[in-house]
Amino acid sequence: MLRNYLKIAFRHLAKNKSYTFINTLGLGVGLAACIIIGLWVNYELSYDDYHQNSDQIYRVLNGDVAAIPPTLAPALKSDYPDLAENVVRYWPVKSPSDIIYEDKQFAERNITFTDPEIFDVFTHPLVMGDKKTALSSSHRIVISESMAEKYFGAENPLGKTMNMWGQDLEVSGIFEDVPLNSHHRFDFLVPIDLLQTFMGNMMQNWTWSGFYTYIKLPEKVEPAQVETAIASIFDKYSEEDFPAPQLQPLNDIYFEPAEKDIASTGNFSYVIILATIAIVVLVVACINFMNLSTAYSTMRKKEVGMRKTLGAQRNQLIGQFLGEAILLSLMGLSVALILVEVSLPFFSNFTGSPLTMPYEHSWVTILGFAGFALFVGTFSGSYPAFFLSRFKPMSALKQSDRTASSGGGLRKGLVVFQFAISIFLIVAALTVYSQINFMQEKDLGFNEEKVIITGAENYQNMKAELEKMPEVQQVSAAQGVPGQRFPFYPIQTNEMAPDSLPTMRTLRVNPGFIETLGMKMAMGRSFEEQIPTDATQAFVINQAAANYLGWDDPVGKEISWYNFSEDGSSFEVAKQGEVIGVVDDFNYASLHNPVEPLIMHVSQDINMAIVRLNAGSDQQTLAKIRETWNSVTPGSYFWYYFLDDELDRQYGAEQKLGQVFGGLTLLALFIACLGLLGLTTYSTQQRTKEIGIRKVMGAGVKQILVLLNTEVLKMIGIALIIAIPIAWYAMNQWLTEFAYRIEIGFGIFIFAGASALVIALLTVSWQSIKAAVANPIDSLRSE
Amino acid sequence: MIQLRNIDKYIDKRFQRTFILKGIDLDIEEGEFVTIMGPSGAGKSTLLNILGFLDDASEGEYKFLGEPVHNLSEKKKSDYHKSHIGFVFQAYHLIDELTVYENIEMPLLYRKVKSKQRKAMVADILDRFNIVAKKDLFPPQLSGGQQQVVGVARAIIGSPKLLLADEPTGNLHSEQSEQIMEMFKKLNDEGVTIIQVTHSEKMAAYGNRIINLKDGAVVKENPYEEE
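Respectively, the protein sequence lines represent chains G and Y. Each residue of the first sequence is one higher than the one before, counting from 1 in this note's numbering. Each residue of the second sequence is one higher than the one before, counting from 1001 in this note's numbering.
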């Protein structure tokens, strides 16, 4: 019996080659898209999963803020030893620092100060060294395998001495490279005890919040217990009012970043969006399958009638047709696996996520995919199977033409649905694209082009040398540049109640900063070198700050700006002065958010030099700057970046989303067109007789084309009516995430509709032209 | 009206030429009622298709109303076809999805006849053929004879000069056949040239001339007698 089924299935597939081809290709492409996006989603969801007992690891948040004082961990450990045996702090070094071994010297970005407990809390296996002693005394350093390779090559690194910040550190361990799917990655671990040497009293400061603290709970301890313990510690040791502490599960960190978070974060809504689209693409492919198999089923009515007359039960027939569907979906699966194999490396490279097919768990994979194919086959094959097996034997044998068109309404409905989806996706992709474009083109309030950011060591000499170069237009310096998050400091004005100390983002700059970045003053003047009081008692605020403080005419208003006291134990007034100017708002953070209030003042506490270049070759100028750097600050590492590159990178996630989105849209449209092609092939076949008669009655090619294409026009029209309001609503929802956004223009809808229409008509016309020019006597030769 | 000179129709297949029609010479005057007879495969239908511009002859000359058809442009051919020729088929070839009324109206649509005039013409034909009551039915709801009446109505609505009928009564029983033939006779009396293909002597008798076809050639004798 099974052999008979298989034989018939194969012959049916071989006979209707275009049907088989369209179904296999459509399913293959849909499955491939689904598998690839599935792997990516799985990867995104796997962040920090590799730690053993990752569900017992939490991060301490201060309200919504991730960065907390260094003092909490020791206090927690001494006061609640039974709760907090395994607590670890991270203090990532934010700017690149030189690490030296003999003649090798590199500026490293991934350096983290930490506690010895790191190896108890997290799973970072040591390749060499002992995890108990690796970080147990201050002058030690533990490095990653790839760093060991970079600095030591074939040598054994253990016991060797590396130099950082002028300190000699003994290499005491090598850990396996931190997996890419970690929310925080590092190449060098240095004991926090060493930080004490540099920070002194700051390490006992309850207001300095720069540390990330993780805790691995003992079994049967609830997070709430620890939260209460932390709250009581804050009460006991600090006079400040801390917001209620929270324990954030480790696995949530990647998708739910806190304020002042440590590192790169994912975007859960993108994961959802792409996963949804991938499933939609697969559904579109499944609809093809349903549509084509019900359409072509009329060809098999005779077979169904015959089998029924010979005693086949309905469920046997259902089984047979479901089996065929599964066979076809298995064929689609093999096409999909080939497509995945070919395209996965590109996709991995593109998203920067190391995606691989989990072939190492071979039987799980095979079972998984077979199950998937089974599901897809059953899902898409069930309707045709029930439809086919429903035929009454006698009417099925009679093959009357009238029943051929039954189910046509449903088929058209499904095609409308497919095109509605395609049009929706086109609109969505265009909106995403225009929004990204808009953000890249938007006037940020400063000129980010031809600006090099580099280190500020020996800045005054460096500046003098650079200004001599004809290629350099202007040089300034600051503690940060746009694209970074500037720290909050308390301020006070005369209008405020004496005990209220609101915080405001603060940027320390050198005179010339505003001009070098090409910002515009709205009121007053910017800092000037010649006016000595500008360095000691002057502030420039941005427009948002002026609004926040409620000042219409801010120039001349007084502000007190607070900083840590000398011993680091509290805040005190560090600068008092008046506002000399208001700068137009410039977007120093993401365009997702509106510009926040900002206060700037002159300080020598700077770490970045800002060099604006004249027109000309950037690379040659860069080489000259590097030379100057090496002569002015010998022995230190030259790092640099172009400001516009860095800002472009900020929108990398959206850009990639846009591109993946665009790709999936094309796939959906392609699959929908495949289906349309199959259906037109079928329906023109059904209508050859009618076309013949019409031609004999005098219809021309043009009239036949109109006849055949009107239906498609109608279907696309309905699809447009369905898709456009939904797309309009959904995309407006998405755009609310952006503080600076485009309005969705009518043009996008016209373009989406027109392109769907043109593509569909082209698809259909291939068949209808063939039918229209065919000689009618061929189709009318019925005798 | 029709002049055929040395018409050949053949199919080339793998170095072998199969003739369907060979050296046909034929003159048909306006107002004739011609019957083409002959055994299956004699080339009757092919000849009819060539006469009706549905097929091209491989060789030879075909003059329609004095114009050489083999030299006509496609456009001209299509115009002649629309305005001068009507077809009736053995299998009726009505469109199942259209009503009787719509089926009859169809040729007028392709001749761009105005809607008002169309209505009048269709109503006239329906009346003339006594099928007004059936105008909203679909072809499968009619008997074979009724379907063929619709087929004839459709063929002549454009008042063609030439009516081509390929075994118009082949699927009908004798009473229905006679009805159709009476109709043909009446049309012929009104001046329509009719060329029909049939196997039936009885049906051939309605015409005023018989052309016997055998193995693609016109023969004098009755081709059925040899069998």
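Simulated from the structure, these hints should not be mistaken for laboratory data. Just so it is clear, CB atoms sit at the ideal spot from N, CA and C, and this is done for glycine as well. Do not rely on the hints blindly, as some may be mistaken.
Beta-carbon label-pair distances, calculated as ranges [what the hints assert, rightly or not]:
#1 G:706 <-> Y:1015: 41 to 49 Å
#2 Y:1073 <-> G:6: 25 to 33 Å
#3 Y:1012 <-> G:366: 50 to 58 Å
#4 Y:1102 <-> G:366: 55 to 63 Å
#5 Y:1056 <-> G:706: 24 to 32 Å
#6 G:701 <-> Y:1011: 43 to 51 Å
#7 G:41 <-> Y:1075: 57 to 65 Å
#8 G:8 <-> Y:1056: 23 to 31 Å
Computed list of lysine-lysine pairs in DSSO-like fashion (alpha-carbon distance at most 27 Å, straight line) [what the hints assert, rightly or not]:
#9 G:17 <-> G:236
#10 G:770 <-> Y:1063
#11 Y:1114 <-> Y:1082
#12 G:17 <-> Y:1013
#13 Y:1185 <-> G:702
#14 G:702 <-> G:412
#15 Y:1013 <-> G:770
#16 G:770 <-> Y:1135
#17 Y:1116 <-> Y:1135
#18 G:689 <-> Y:1161
#19 Y:1135 <-> G:689
#20 Y:1214 <-> Y:1135
#21 Y:1077 <-> G:689
#22 Y:1134 <-> G:702
#23 G:15 <-> G:770
#24 Y:1202 <-> G:714
#25 Y:1112 <-> G:702
#26 Y:1013 <-> G:702
#27 G:714 <-> Y:1112
#28 Y:1076 <-> G:770
#29 G:236 <-> G:77
#30 Y:1119 <-> G:770
#31 Y:1214 <-> Y:1202
#32 G:689 <-> Y:1075
#33 G:702 <-> Y:1214
#34 G:132 <-> G:150
#35 G:689 <-> Y:1076
#36 G:689 <-> Y:1202
#37 Y:1119 <-> Y:1135
Against the structure, the hints:
{"no.": "1", "hint": "G:706 <-> Y:1015: 41 to 49 Å", "verdict": "holds, 43 Å"}
{"no.": "2", "hint": "Y:1073 <-> G:6: 25 to 33 Å", "verdict": "violated, 55 Å"}
{"no.": "3", "hint": "Y:1012 <-> G:366: 50 to 58 Å", "verdict": "holds, 55 Å"}
{"no.": "4", "hint": "Y:1102 <-> G:366: 55 to 63 Å", "verdict": "holds, 58 Å"}
{"no.": "5", "hint": "Y:1056 <-> G:706: 24 to 32 Å", "verdict": "holds, 26 Å"}
{"no.": "6", "hint": "G:701 <-> Y:1011: 43 to 51 Å", "verdict": "violated, 25 Å"}
{"no.": "7", "hint": "G:41 <-> Y:1075: 57 to 65 Å", "verdict": "holds, 60 Å"}
{"no.": "8", "hint": "G:8 <-> Y:1056: 23 to 31 Å", "verdict": "violated, 42 Å"}
{"no.": "9", "hint": "G:17 <-> G:236", "verdict": "violated, 79 Å"}
{"no.": "10", "hint": "G:770 <-> Y:1063", "verdict": "violated, 30 Å"}
{"no.": "11", "hint": "Y:1114 <-> Y:1082", "verdict": "holds, 16 Å"}
{"no.": "12", "hint": "G:17 <-> Y:1013", "verdict": "holds, 26 Å"}
{"no.": "13", "hint": "Y:1185 <-> G:702", "verdict": "violated, 36 Å"}
{"no.": "14", "hint": "G:702 <-> G:412", "verdict": "holds, 24 Å"}
{"no.": "15", "hint": "Y:1013 <-> G:770", "verdict": "holds, 24 Å"}
{"no.": "16", "hint": "G:770 <-> Y:1135", "verdict": "violated, 33 Å"}
{"no.": "17", "hint": "Y:1116 <-> Y:1135", "verdict": "holds, 17 Å"}
{"no.": "18", "hint": "G:689 <-> Y:1161", "verdict": "holds, 25 Å"}
{"no.": "19", "hint": "Y:1135 <-> G:689", "verdict": "holds, 22 Å"}
{"no.": "20", "hint": "Y:1214 <-> Y:1135", "verdict": "violated, 41 Å"}
{"no.": "21", "hint": "Y:1077 <-> G:689", "verdict": "holds, 22 Å"}
{"no.": "22", "hint": "Y:1134 <-> G:702", "verdict": "violated, 31 Å"}
{"no.": "23", "hint": "G:15 <-> G:770", "verdict": "holds, 20 Å"}
{"no.": "24", "hint": "Y:1202 <-> G:714", "verdict": "violated, 51 Å"}
{"no.": "25", "hint": "Y:1112 <-> G:702", "verdict": "holds, 14 Å"}
{"no.": "26", "hint": "Y:1013 <-> G:702", "verdict": "violated, 33 Å"}
{"no.": "27", "hint": "G:714 <-> Y:1112", "verdict": "holds, 24 Å"}
{"no.": "28", "hint": "Y:1076 <-> G:770", "verdict": "holds, 22 Å"}
{"no.": "29", "hint": "G:236 <-> G:77", "verdict": "holds, 14 Å"}
{"no.": "30", "hint": "Y:1119 <-> G:770", "verdict": "violated, 33 Å"}
{"no.": "31", "hint": "Y:1214 <-> Y:1202", "verdict": "holds, 19 Å"}
{"no.": "32", "hint": "G:689 <-> Y:1075", "verdict": "holds, 23 Å"}
{"no.": "33", "hint": "G:702 <-> Y:1214", "verdict": "violated, 39 Å"}
{"no.": "34", "hint": "G:132 <-> G:150", "verdict": "holds, 25 Å"}
{"no.": "35", "hint": "G:689 <-> Y:1076", "verdict": "holds, 24 Å"}
{"no.": "36", "hint": "G:689 <-> Y:1202", "verdict": "violated, 30 Å"}
{"no.": "37", "hint": "Y:1119 <-> Y:1135", "verdict": "holds, 12 Å"}
Hint compliance for this structure: hints 2, 6, 8, 9, 10, 13, 16, 20, 22, 24, 26, 30, 33 and 36 are broken, all remaining hints hold.
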